[in-house]
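Chemist: Spelled out from the first residue to the last, the chains are:
2 protein chains.
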Amino acid sequence: MRAYNFSAGPAILPEEVLKEAAAELVDYQGTGMSIMEMSHRGKEYSAIHDECIANIKELLNIPEGYSVLFMTGGASTQFPLIPMNLLGEGQTADYTDSGAWASKAIKEAKMLGNINVAADCGKEIPTRVPAVDELNLTDGAAYLHITSNETISGAQWKVFPEHECLIADMSSDILSRPLDVSKFGLIYAGSQKNLGPAGITLVIIKDELAERCPDTVPTIMRYKTHIANNSLYNTVPTFPVYMLCLVTRWLKALGGLEGMQKLNTEKAGKLYDCIDGTDFYTGTAVPEFRSNMNVTWRLANEDLEPVFIEEASKRNLKTLKGHRSVGGIRASIYNAFPEEGVDALISFMAAFEAKHS
Amino acid sequence: MRAYNFSAGPAILPEEVLKEAAAELVDYQGTGMSIMEMSHRGKEYSAIHDECIANIKELLNIPEGYSVLFMTGGASTQFPLIPMNLLGEGQTADYTDSGAWASKAIKEAKMLGNINVAADCGKEIPTRVPAVDELNLTDGAAYLHITSNETISGAQWKVFPEHECLIADMSSDILSRPLDVSKFGLIYAGSQKNLGPAGITLVIIKDELAERCPDTVPTIMRYKTHIANNSLYNTVPTFPVYMLCLVTRWLKALGGLEGMQKLNTEKAGKLYDCIDGTDFYTGTAVPEFRSNMNVTWRLANEDLEPVFIEEASKRNLKTLKGHRSVGGIRASIYNAFPEEGVDALISFMAAFEAKHS
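Top to bottom, those sequences are chains A and B. Read left to right, the first sequence gives residues 2 to 358 (our numbering). Read left to right, the second sequence gives residues 2 to 358 (our numbering).
These are calculated hints, taken from the structure and not from any lab test. All of these numbers come straight from a predicted model, not from anything done at the bench. Where hints are given, some of them may not hold.
Since copy identity is lost for identical chains, a pair holds within one copy or between any two.
[Unchecked claim] Distance condition first, Cα-Cα at most 30 Å in a straight line; then the derived DSS-like pairs of lysine-lysine:
#1 K111 - K356
#2 K58 - K207
#3 K207 - K108
#4 K271 - K253
#5 K111 - K271
#6 K124 - K356
#7 K58 - K20
#8 K225 - K111
#9 K111 - K263
#10 K58 - K356
#11 K105 - K253
#12 K315 - K44
#13 K20 - K207
#14 K111 - K44
#15 K20 - K356
#16 K225 - K124
#17 K44 - K105
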């Protein structure tokens, strides 16, 4: 039986995608080789690489002048790469602090340049991200960095600030909703939540920004190197790109990002309604900033939380434990998480409440 | 039919390993999840992570005081990380130039510190690596860097130089032969040749070296961060580690690195004998430095090389084309390449010679 896997990442993948990958894992389309065994410059892998980029451009309606890159090292590696590439000497960059991930990005950037924290609600409970009108921006800042969705706290930007160079860590909500990419200078996302297995970092960058990078930055750490080489400067992790390609096909077949947003709003909406319908559960995030990807809540009696997690697990509702730094309950319901799993969780929550109140 | 895949990397994997991965790709051991969908901190993946490290320590007989790390970005990312972590201000590091990969490492290091090229045979034809007694070493150098096997030219170090801090890029021959790890300060290898699919970089480091790293280096770029966090500072590419774990089990079952060395010497020996037995073919590397992993040669009539490659491909002998920068023929016969594939190549070479001479 397939588990309802609420893991925050690495996370659930579409079952169809897994089955397709399994079926051709040993022999990719009659070649006598696994896709994993093929040169990253050979014709079979090249077709996948290029299709994956084309699908992402289509899904996000990415305008001319932007590149789609496959990099490595997760979002945590982008934290230093962004200032190394884009923050000139003497310049300041603005960052918003909205929680654990934003504050990690800030910490790394501070080691490399002048950073202004334009808004800080990183430690507020109930959790939230900053409102667009409370940002204290620097004139002439090199860029403004936000974290579009805080995976740990479950808060999400619903409206984005306007900025000449807006940069967003979208690790936990990329491809979950339509996006006007032209409003961004750079978007990045680790692959292991909404994209595929862990192992690549998707970067969408306005090409002209990459020219800012000083020559003192090591070749492989420059965005312009990856742009110039179509992400093939060195061996790209081919299997995660292949998996992402299958996921993009699946997304297109489901109606693209409009279709996905509708489904995600429905799934999250049901779960928040369930939480709001009783004092037994309390949502962790301020309602207007609630994430559609990571739904977080507490039990009025926190001592019951481990019991909740354990009983849920016995009913095939897996990995509901909140992040080790904050506790509580977290249901990560990314694109690939099926609606019937949300329904099963809601039924369980009602039964659990009836039993324990 | 399974192809005889001579790709230099990503490269052939053991068929048994691929079949095992395919069989449990959708449902890992009855959990209802793929291994790719599981948290990198959950119990199933943790068991694989720890077993993989233990197996590598066992296979290489790694002494106390060393850590086995899974990093990302390939060998090309290690090129800058090594001087960033280990080359103090005002210090010099020695590098040997033995070809394309060594010279890339040198180029990146020169951007970051004082580099002495202790020997340069990088452009010699027939190709080779430096002899141990021709190194022009710097007194008090921070380290000496070598490239244990040049994948493109097909030359390999058979005896290693002695140095207080010897660093080796072993991307194309790691785990192909027994090794005295205690003679090295740091060993690194991209995964896509002898280890598994592309996506992780294996690093074996003497822990005390990691302390050299200055605090100005971004957190994720410090070896000491990965040592302190058992390679789980951020999300590790879990699937490549899983595949590497299966490969290490396969290696252990085949008799470990002694067994592998015997097999590799036999495979390469046959092929070199075939090349040496006729003037129709000429080996590219100086015999005493010939690689057991990447066997390179030319045809006396170079115009016939494309014909050779094409006819071989029709006989299921795939990806024999030399690297685009040097041409010629290259047969990469890593650990997982079966002996019968070498035999098939040798038969084809004889038939091709008979037909075309």
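Chemist: Determine for every hint whether it applies to the structure shown.
Modeler: A quick look at each hint next to the structure:
no. : hint        : in the structure
1   : K111 - K356 : neither (50 Å within a copy, 68 Å between copies)
2   : K58 - K207  : within (13 Å within a copy, 44 Å between copies)
3   : K207 - K108 : both (25 Å within a copy, 28 Å between copies)
4   : K271 - K253 : within (25 Å within a copy, 51 Å between copies)
5   : K111 - K271 : neither (40 Å within a copy, 58 Å between copies)
6   : K124 - K356 : neither (33 Å within a copy, 77 Å between copies)
7   : K58 - K20   : within (25 Å within a copy, 34 Å between copies)
8   : K225 - K111 : both (23 Å within a copy, 20 Å between copies)
9   : K111 - K263 : neither (38 Å within a copy, 52 Å between copies)
10  : K58 - K356  : neither (49 Å within a copy, 50 Å between copies)
11  : K105 - K253 : neither (33 Å within a copy, 40 Å between copies)
12  : K315 - K44  : between (46 Å within a copy, 16 Å between copies)
13  : K20 - K207  : neither (35 Å within a copy, 42 Å between copies)
14  : K111 - K44  : neither (43 Å within a copy, 35 Å between copies)
15  : K20 - K356  : neither (38 Å within a copy, 46 Å between copies)
16  : K225 - K124 : between (36 Å within a copy, 28 Å between copies)
17  : K44 - K105  : between (40 Å within a copy, 26 Å between copies)
In the structure shown, a violation is registered for the earlier hints numbered 1, 5, 6, 9, 10, 11, 13, 14 and 15, in ascending order.
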